[in-house]
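Given next are the chains, with one letter for each unit.
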Amino acid sequence: MSPPSMMGPRDRGAVQMPRLLGRAALAAVILAYTVYTIGPFLWLATMSVRTTEEISRDHYAWPKTFHWEQFHQAWVGSNFATYFWNSALVVVAAVMVVTLVGAAAAHALARYRFRGNRLVYAVLFSSIVFPPQITLISLYQILVGYNLYNSLFGLTLVYISLQLPLTVYLLEGFFSRIPQDLFDAAKIDGYGDIEIFFRIVLPIGMPAISTALILNFIQLWNEFLFAVVLITDPEKRTLPIGIRSFMGENFQDIGMIAAGVMISVVPVILAYIFFSEKLIRGMTAGAVK
Amino acid sequence: MKKARLGFACAALAFALALSGQAAAQSTQITMWSNWPDEPAKRDWVSARVSEFEAANKQCTVKLNFIPKADLYTQAKSAVRTGQAPDIFYMEPDQPEFLAGGYLDPLDGIVDLANLEPWAKAAWTSRGKVFGLPVEAYTVEMYYNKDLVKQVGVTVPASNQMSQAEFTELVKKGVASGITPVAQGVGDRPFPGAFLLYESLLRKLGPEDYGKLLEGKISYSDKRIVDVMTWVKSLVDIGAYPKSISTLKLGESHFYFYQKPGALVFPIPSWFSGRAFAPPANGGMPADFPLGIMHFPKMDEGKCPDCKTLAVAGSYVLFSGSKNKPCAGALLKSMATVENGTKWMEQVSLQTGIRSDPAKIKSQRADYFAELTKRNQEAKTVFFGTPLFHYRGKCADAFSQVMNSAFPTGLVSVKEAADKMDAACFKG
Amino acid sequence: MKEASLPIVQESSGPAGKNPVGPEMDPRRASWPVLAFFLVPALAIYFGLTAYPAFKTFIDSFFLIEGRETSFVGFAHYRELMHDGTFWVAVRNTMIWSFIAPILDVATGLLLALALYAGVPFARFFRVAWFTPVLLSYVVVGILWMWIYNYDWGVLNVALRAVGLEHLASSWLGDPNLALGSVMITHAWKWAGFNMVVCLAAIHSLPSEVLEASELDNCGWGAKLFHIIIPMLRPTLLNLYILAFIGKMKVFDLVWIMTAGGPLWATETVSTYVYKRAFNWNTFDLGYPSAIAAVWFGVVCAAVLILNRAFGTKERLEY
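Protein chains in written order, with the working numbering: chain V, 1 to 289; chain S, 1001 to 1428; chain D, 2001 to 2319.
Hints should not be assumed to be uniformly reliable.
[Unchecked claim] List of simulated lysine to aspartate or glutamate pairs, EDC-like, C-alpha gap at most 20 Å:
1. K1394/S <-> D1094/S
2. K236/V <-> E1054/S
3. K1172/S <-> D1188/S
4. K64/V <-> E54/V
5. K1243/S <-> D2084/D
6. K1069/S <-> E54/V
7. K1303/S <-> D1094/S
8. K1063/S <-> E54/V
9. K2276/D <-> E1054/S
10. K1323/S <-> D1094/S
11. K1233/S <-> D2175/D
Quick caveat, the hints were computed from the structure, so don't treat them as lab data.
Isolated chain V, as found in the complex (with noise of 0.2 Å):
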């Protein structure tokens, strides 16, 4: 499993198609397959430039003029800053701890033996299948007990607690593949069981923890079901509640939806482009095996 002979078969792989039939078949398919994943997303752009009137006369043609003050209307006329900044606040926060209490829990229970090891791994997993409508009422009022509703550290609280299994599931799978050698040796070495979480494990887990850190990302910066019911302030929207109420409010302004989803999608497709790399070497370097 070393670099180079991660390297191998990929070159070998390309040396393998000759046949210039199947190359063009398999540029034909991947290109459609492009076409599909982010056709949508370009007509979504040339979209967000136009006007209602123009889309509805015509929805698929190139914008003549470009209308970038829909841009401005969208930022102004809505809040998408405040969404954005409220979004970022909660989800990275909440991604940070997750990913480490997760991890702290999941390197116990690949690690030790312990009487009720396996039980306590299910329990932990088990609340990965619990319908999510339904704890909704309870957290609702324990949030309200703690004087904790209505508030992005709330909302947080639960953030974290919605993504412990999946974190848990993910990293106690790739922790228990590390070779128990090295912490016989570590341990030899002197190194205290929580030094050996912080010195050892964490960074030999790092692919899977960056595999952990993305998913949570991504799913919790999408989240919309417990935003709705447990932020009521605008202040405090977060970015796809800020959306809908957004669409709610330019009901039938395909052009202006358009630009304010954009707003909404750019910074996050921009981000990505920027770190995809990093990103997904993390996920290459397999978590999920």
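Dock chains S and D against chain V, hints included.
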């Protein structure tokens, strides 16, 4: 004069600064949730009432939020349970559970009830008390495009009411000339697809039996009901509705009617105005649109051709767990005046449950408003409430899935639809 | 004790196969304080924010909770549930979705990963492009696909009409026979990229000797795929399948935004039905939706356990 005013302003400012700490402690903030984020005229009306109130009552400030209806209901439902609901929120009479759960305070003694229309008061009356401020009211109307109807070769009778045969003819001619006869969309609402059928049922059965039907005391297998359903089904089969009806949203169905591709008629409540009178660039109706209002067709052997449905929609209620009832009550009271009712009619071009002074209404849409008023005067009998005002739970769900969606889409036969409705609603 | 001097941060199974430490200081054991340090935060979060609310829900399922009045009804909700037609439709739809759609997701992901692995030019670009839908929120995906499926001007119908297949143009979300499939496709569109990345990772970590050997044997791509790659990726694929399966058992947002369960309950899922009963019906009763949630919890747990057993996913640990 100017100087004096300036001096006064300075003094006021100094005073305000001196007292600011104290004033902040004294003023109470109340929260108010309203629907209508996408209907500018209604928004403006509410915002204006709130700022007037704040100007007149320095001790109260109001945090007013406009939230889409579906989200508002979800949030209100979880909020009342834990006593965290806003002091005043938007509600419609078809959500009786808030009242039944004891979450609403009566407005008797808070609001001047003499300023409410009797029928609107009735919609919110329970155990002898009134629980909602009925701001928005509506009748179910049949809007039409005068030019397109003429273009397909149909003349609307002088009575503004077609017969069953005439309406069938209109639908056929529309289909023949490639124009969708009836605009309608059920993509995001549980009721629009049923307007034509239920308004027809009302005119066929008369208010008494129609009321019994909605109470579950008459079966859908009743001959008169089957007749009307068969007729509507025949229209559906001819192609009366848009092919996209099942996914068309309420806002889109408006657009469909008056912009693109255009339709002959549009059966919708009179809150049509809320979206239609938005600026055309934002999806509203073109200024020169040839809009007409006709009655729903009279039924053969119908008991009540001049019946019509009247209902109360958007209202404001006072949360029983509110900690700022004096301010909240005062705000509601300040809204419920004849003057404000008149302003609503003027600005929104829609009925209201608050009394108004017809003589003083100077609508920007005077012609439209005159026509709407005339159609309402022509209707002799008013039936109160749409089906969802009467239906609950499983029955309401069956109504929205079957009568609102599957039936006008042509997915179910008359028999299947009637059976499904009876299974969910008929109490024998 | 030579191994001990090896650089620690190196993922190497090392030459040692035997346990160098005596049983009295088994390194797989830890004192309770240490275990508590690792487990208590997670367990606290779990009990406070998941188990307790869930338990409350379970208790609620034996009560009728109307407004402020709560009355004990025993198993009445569960009995009613057995005769609730809509619930069973929702179960059927969710089951179809959960069992079938993951196959689509995982197969697409695998094929895309193989395409990239085969060394197409601009692989980096494709990898980014194909992953993009994963980043979009359901709200955005919902809006976009409702436009795509639009009867009058949606891409799909416009394309069908353009190539003369007018009769195939349909109301994709409005026809009960097509609606579920249409929403499933949208869901797959969003998630295929994720499966692709994970598959790609797994392919890259396959032992190269095996692939080399297969090349020496002059295997065709098909044979290589079915006899070598898929069997070797089995644990990854099964795990992806189970992850997707769980996701689909809970699916809510996309359905709620696109069809809200319609037309004629064709896309009603258990989650949307629970939500409707809790928030959209004219009742405050939380007991009945709680009962649905409780039953569904049992069903999903059982399904996951059975899948795990059937797939023998234990082997991922040894892999």
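Now for the hints, and whether the structure bears them out:
no.: 1; hint: K1394/S <-> D1094/S; verdict: 14 Å, holds
no.: 2; hint: K236/V <-> E1054/S; verdict: 24 Å, violated
no.: 3; hint: K1172/S <-> D1188/S; verdict: 28 Å, violated
no.: 4; hint: K64/V <-> E54/V; verdict: 9 Å, holds
no.: 5; hint: K1243/S <-> D2084/D; verdict: 31 Å, violated
no.: 6; hint: K1069/S <-> E54/V; verdict: 29 Å, violated
no.: 7; hint: K1303/S <-> D1094/S; verdict: 27 Å, violated
no.: 8; hint: K1063/S <-> E54/V; verdict: 38 Å, violated
no.: 9; hint: K2276/D <-> E1054/S; verdict: 38 Å, violated
no.: 10; hint: K1323/S <-> D1094/S; verdict: 26 Å, violated
no.: 11; hint: K1233/S <-> D2175/D; verdict: 17 Å, holds
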